[in-house]
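With chain A fixed as given, assemble chain B onto it according to the hints.
So the chains spell out like this:
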Amino acid sequence: MSKDLNINVRHMTRVEGHGNIAVNAKNGRIEKIEWQVPEAPRFFEAMVRGLSYEDIQTVVSRICGICSITHSLAATKAVEAALGIKVSKQADKMRILMHYSEQLQSHTLHIGYLAAPDFFGAPSVVPLVAKAKDAVLTIVRTHKVANEWSDLIAGRTTHPVTLIPGGLTRFPTEQQLKDLQETLKGCLNDLSTIAEVVLSVAENIPAFERDTEYVSLKQTDPPTYTFYHGDITSTDTNGSVVPISDWEGIANEYVSPQSTAKWCKWHRDSYAVGALARFNNNAELLTDGAKGVAKMFGLEKGCCNPYMNTIAQLVECVHIVETSIQLIDELLTAGIKEEKIKTSGKAGMASGCVEAPRGILFHSYEFDNKGNCVGGNICIPTNQNHANIQKDFEKLVPQIIDQGQDAVRQKLEMLVRSYDPCISCSTHMLNVEFV
Amino acid sequence: MSKPRIAIFDFACCEGCQLQIVNLEEELLDLIGAVDVVEWREAMSEQSHEYDIAIVEGSITRPEDEDRVEIIRSRAKILIALGACATIGGVNKLKNNFDLDDVKECVYGDDAKMPHLDTAMTKAVDEVVEVDYKVHGCPIDRKEFTYIVRCLLLGKKPEIPEWPVCVECKAKGNPCLWEYGQVCLGPIIRAGCGARCPSSGFRCFGCRGYVDEPNVNAAKDVIEKYGLSIEDLKGKMILFGSTQGPTNE
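Here the protein sequences come in this chain order: A and B.
Everything in the first sequence is counted per my numbering, starting at 153 for the first residue and increasing by one.
Everything in the second sequence is counted per my numbering, starting at 869 for the first residue and increasing by one.
Looking at chain A on its own, in the form it has when it is part of the complex:
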């Protein structure tokens, strides 16, 4: 087999935009391995200046169509912390329920439309319709459940409109919540089916490992597998945490000439965020059903195979649905009460943090005494993964160089996908066959 490689994949995936893969090797000697990000910069941190504290979440939601609820929540938490605005327990729970809907939306899309075809060795999800029609329809059904769930709580599937500093503009009725709960119970069966199907092709998950640092939220009071509350932890901190307000000292953002998106590093040259990071820091706090799925795949704490991130997402889907069924019980037991929200602007500065489906997300804002934004800083999960993807490439390519150009390209693409790039990637799979 030739030891020459000349891989130049332009816009292979959407990672908050576009990503390129460039690899060159001659006679087995590697000359270049690059993960490049050439996305058109959009300058949100500059654009929020002068906006009222009430409008921040509406604008920054537009950073990402697929994580819009997550961005809105991170911004709203930062605004509330900066202005000292309190949120009721009911609103807090409802927001967590809203957040879960987006996690399920995003995870289902990634597992079903993007990763599954890789596992099946298929070029897209379309040939799978013939091979495993029921499985594909199960994915479509689960994705639809998640979208309708977002509609109910957030007012829309994408770009929420019920979320405001201080709470939510409105709540669903108790009957709507009961209906959602029934739907979610049915969804658990569908998730079992999806897990069985993925397990049947799990031998196609590459056995690559690279020890790295995993960063996520950690909540101790009460101990929770958290997406929303808590402080920052990593697999390199021996379980200790760092307050959200210190996030800039963790991300250590820097500009790489390979990228219009900034890169990050903490204790090492790179770190990873996302489902596998959350799992590696908090796995013992998963629901029993979710633990069962992890066991099916032999996924254990300390896993450092980046390809297993997709399996960690599958585990999280079960956790999210089981936890939401319980959360709805708590909301119904307390009874849904209407809330009148009244807030006013004042000076302050603070950070907000939540877990996006693809990893930990930080927002910070400063406001003047009228509550108008003076400045902002945002660090998205995909940026935090860029350096780690590059380091994975550097370890993986020499290991598989003998497999030839096509196999190397395919494993690199699959690796990037396992970090869960955005929607366009999933559609990349969806339509190829229609041409």
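Hint data in this document are derived by calculation from the structure and do not stem from the laboratory.
Be aware that one or more of the hints could be misleading.
Unchecked claim - Below are the BS3-like pairs computed for lysine-lysine, each with C-alpha atoms no more than 25 angstroms apart in a straight line: (1) Lys1102/B - Lys522/A; (2) Lys1038/B - Lys492/A; (3) Lys492/A - Lys330/A; (4) Lys1093/B - Lys492/A; (5) Lys1093/B - Lys522/A; (6) Lys981/B - Lys417/A.
Stated by the list, open to error - Chain A is nowhere near these chain B residues, computed Cβ spacing over 10 angstroms in every case: (7) Asp935; (8) Glu995; (9) Asp1000; (10) Arg1018; (11) Lys1088; (12) Val1090.
Even for Gly, the Cβ is constructed at its ideal location relative to N, Cα and C.
Same frame as chain A, now just chain B:
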């Protein structure tokens, strides 16, 4: 008759409008069966210079992107602008309120002068090339998208509402958000969204752009009745790029 060839392109945006196309779920498969998708840069590796309908998502923010959209226009019989970034510049237009050097420095600091970080004033697609149809909204409404595509497949002209959001909001029986002190842009913004935001208790912030002939005087009457200023209204208008329009007079 051969199927119309459709190509989808994107520029600066959040991809939320393409996500709405995916969110059509089973319906997407039907739609794709009725047309021939020849290029969807995110969607497939194949590329084609031969297409009948070009769907363009996102705002134009770099000189090289202007060149690209001009080429797309020259190849397409019909060009559709998809979503607020494409139809009115979207949130990307907030950038135009600042000096561009200042914007770059704010985000990239000392690295702002690196050539790959360059940017220009944000433009909606019709500020660069002629647009035949607009699918409004941030994000687009899935039903409106399929309606417009269906009309084009049947050779009919889609009818886009020429009345303000208030019409749809009142028809739903919603209490007026002005009564709650919210600066809602319903009186001057194009309907077609089913008044989605005000129905959820959140003010309209103008993502569908101005209705063609808004009753500006009536809007002023409303503003004055509630003791708010035209500046409040303009401030909310800025969110979705509508810096030029009836209230600038």
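Right, here's what the structure says about each hint:
{"no.": "1", "hint": "Lys1102/B - Lys522/A", "result": "17 angstroms, holds"}
{"no.": "2", "hint": "Lys1038/B - Lys492/A", "result": "22 angstroms, holds"}
{"no.": "3", "hint": "Lys492/A - Lys330/A", "result": "24 angstroms, holds"}
{"no.": "4", "hint": "Lys1093/B - Lys492/A", "result": "23 angstroms, holds"}
{"no.": "5", "hint": "Lys1093/B - Lys522/A", "result": "24 angstroms, holds"}
{"no.": "6", "hint": "Lys981/B - Lys417/A", "result": "23 angstroms, holds"}
{"no.": "7", "hint": "Asp935", "result": "14 angstroms, holds"}
{"no.": "8", "hint": "Glu995", "result": "16 angstroms, holds"}
{"no.": "9", "hint": "Asp1000", "result": "23 angstroms, holds"}
{"no.": "10", "hint": "Arg1018", "result": "18 angstroms, holds"}
{"no.": "11", "hint": "Lys1088", "result": "22 angstroms, holds"}
{"no.": "12", "hint": "Val1090", "result": "20 angstroms, holds"}
Checked against the numbered hints above, the structure breaks none of them.
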